[in-house]
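Could you build the full structure based on these sequences and the hints that come with them?
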Amino acid sequence: MIATYAPIFLILVLSSLIAGAFFTGASFLGTKKPTHEKMLPFECGSESTGGRHVKLSVKFYLTAILFVVFDVEAVFVYPWAVQFRSLGWLGLGSMFGFLAVVVVALIYVWKKGALEWES
Amino acid sequence: MNHIDYYLVLSGLLFTIGGTGFLVRRNVIFTLISIEVMLNAVNVALVAFNRARPENHSGQVFAFFMIAAAAAEAAIGLAIVLSLYRLKRTVRSDEADLLKN
Amino acid sequence: MGLVFALSPLLIIAVGALLLMMAEVFFKQRNGLALGATLVFATAGAFAGSIWMVGVENLPGIEALSPWLITDRFTLFFDMILCLGGALASLLAGGYLPEHNIDRGEFYSLLLFATFGAMMLAGSGDLLTVFLGLETMSLGAYALTAFRRASPRSIEGALKYYLLGSFAAAVLIYGFALIYGATGHTDLAGITQVMASGKAEMPLMLMALGLVFVGLVFKVSGVPFHMWTPDAYEGAPTPATTYMAVAVKSGGFAMMLRVLLTVFGDAQSMSWSSGWPPAMAMVAVLTMTVANLVAGRQESVKRMLAYSSIAHAGYLLVGVVATMRSQTQASAAVMFYLLTYTVSTAGAFGALILCGSRGAEAVSYEDLAGLGRRHPAAALPFALFLLSLAGIPPTAGFFGKWFVFHAAIDGGFYALTIIAFINSVIGAYYYLRVLVYMYMREPAAGAPVAIPMKSGYVTAALVLSAILVIALGLAPAGTLDMAVQAATHSAG
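Chains as they are written, first to last, in the working numbering: chain A, 423 to 541; chain B, 5 to 105; chain C, 313 to 804.
Worth double-checking, as some hints may not be accurate.
Unchecked claim - Okay, derived cross-link-like pairs now, BS3-like style, lysine-lysine, Cα gap no bigger than 30 Å in a straight line:
1. B/92 to A/534
2. C/614 to A/534
3. A/533 to A/481
4. C/766 to C/614
5. C/340 to C/766
6. B/92 to A/481
7. A/481 to A/534
8. B/92 to C/614
If you are wondering where the hints come from, they were derived from the structure by calculation, not from laboratory data.
As structure tokens, then:
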């Protein structure tokens, strides 16, 4: 049974070997003449300005975390949806209770302004 | 239970890697990642045991709920790390040393 | 219908928490939230008490949620302790949060959610419910510790608590996974059956015992896994510290009693030669001794109280060891001790809250110097609660210790009891030190001293705790009887 996966393993090994060969070949065979302009960080051709510190805006964190939490909630809804009929009224009621709690959380987040991107 | 041995070894390895990473790392974000690795090791173990004992689905259901709990834990952990960053501009744990003794 | 009634404490807390969240968002005034939270706790506790009086056996349909959520007398007793702890914490928060400029309404919702988790933990009959209750309670506690966002000490304490707490939870759950693999069951009753019939795979169970032991000892802050407690307790806002010292610890002990006495409650796991009692006895001795010795060297009263709560966890662990020989009596002693410990500790932290006002907390012993003369009304309750924590009759703390030592002696653990007694005497030193500062020292000239706050909420909490401390100290028999019933009728 393992033998059917052998071609995939072979492709993995071959592709890593070829990619590795390209990388090491380039680093050994290529010329190295660094100038000041070549070593600057790439910013699509324009000059880079400003210091290294980023004033972190909390909206990035909020968006990511709210996505994760509501996505996990969706993960719980999928199996319920698949077995919807056989779970009957009790299943419907339980899932509605779960969704009610999450909807309350959504209303809270909404009203607190966590969903505003432009502050 | 021989056919699940590999999964248990994987789970043990993951748990050890996560535990060592937790204890050694100084960047708090990597500590959080190590905790997630440990929780995933538990998930692998649970599902593997369920494969070996197919009488009920307890292992898979447990793993399901663990995913949700791990997501919530990561949310709170990141919030605390973010508060630390906003106050002290650092995410290294050895610079959080105001509380001693 | 019986099922809804049986679940009513949990449902009331959940619905109350959601309503408080909505109230915090939609209504602008802040002052009602503390009262609302206290009322929700009081109602849930009252419902738990009424289920107790009706008798759990008379409720039809109560097995429908078995094995995940069991409602027996053990659950109801812990529900009442947890609701009491939560009510006291929210009353204290009602006074503390406005004074120290962190008056955001989420505090009360977090308290309610954490208590929901703790109550689920107390009523759990399956490893899954233990895990979910533990995580809910812990996540609420982490958020409460980090509530004071602008303070670096607070955030550091929360970070340490979060990291070590998650690590311990991961270790504990790995133990649960191994238990599942060894027995094929996650419900505690099924596991007990498989262990009793000897069909469990013992090597896996032994590893699981080690991991679960570590996780449980961490959650109740036993030495050598107590490193998070002083930092988390000191960094958190004091009502959150009160809640953690009282409710999270009670939840931890409920989990310990549920899991250790059922999963590892068979004759071989509980024997002295090849089970967990010797390790637990060593942990108990270390906890009491280390905590008592370090507490005396603290300069901050809040940190001293944190170490004192670790020491009390040590005395409670002595009771847990005693369950090896006399399971009912020792479990009842542990539960009664948790109740007396709840009221005494909540009162002590509450009196500490009372002594600070307008952004300045009473932190060191110097801040409390001469309080007995300057503000006797604030010093007197503090003195009462410190005496109760030290275990001096006729307060509640005395009877708590008495019953635990009695259970230990009845089980034949003479050495352990003597060590616990000596530690108790050593412990009295740092409690009396506060009394000395309050009543017999004068503040240094020009030193900033703490001015007590005027708050109806904190006063109400202190009055309630004082009444309970004195009542339990004068007439403990009725409550102890309830604890014995709770221990006997525990389904585990």
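To see whether the hints hold, each was checked on the structure:
Note on residue 92 of chain B and residue 534 of chain A: the hinted pairing holds, with a Cα-Cα distance of about 26 Å set against a maximum of 30 Å. Restraint check for residue 614 of chain C and residue 534 of chain A: the C-alpha separation of about 34 Å exceeds 30 Å, so the hint is violated. At most 30 Å may separate the alpha-carbon atoms for a hinted pair to count; residue 533 of chain A and residue 481 of chain A meet this at roughly 15 Å. A hinted pair counts as satisfied when its Cα atoms are at most 30 Å apart, and residue 766 of chain C with residue 614 of chain C qualifies at roughly 20 Å.
Taken as a hint, the residue 340 of chain C and residue 766 of chain C pair is honoured in the structure, with Cα atoms around 23 Å apart against an allowance of 30 Å. The suggested pairing of residue 92 of chain B with residue 481 of chain A holds, with an alpha-carbon distance near 19 Å, which does not exceed 30 Å. With a C-alpha separation of about 13 Å, the suggested pairing of residue 481 of chain A with residue 534 of chain A holds against the 30 Å cut-off. A threshold of 30 Å between alpha carbons decides the hint, and for residue 92 of chain B with residue 614 of chain C the separation of about 24 Å falls inside it, so the pair holds.
Of the numbered hints stated above, the single one contradicted by the structure is hint 2.
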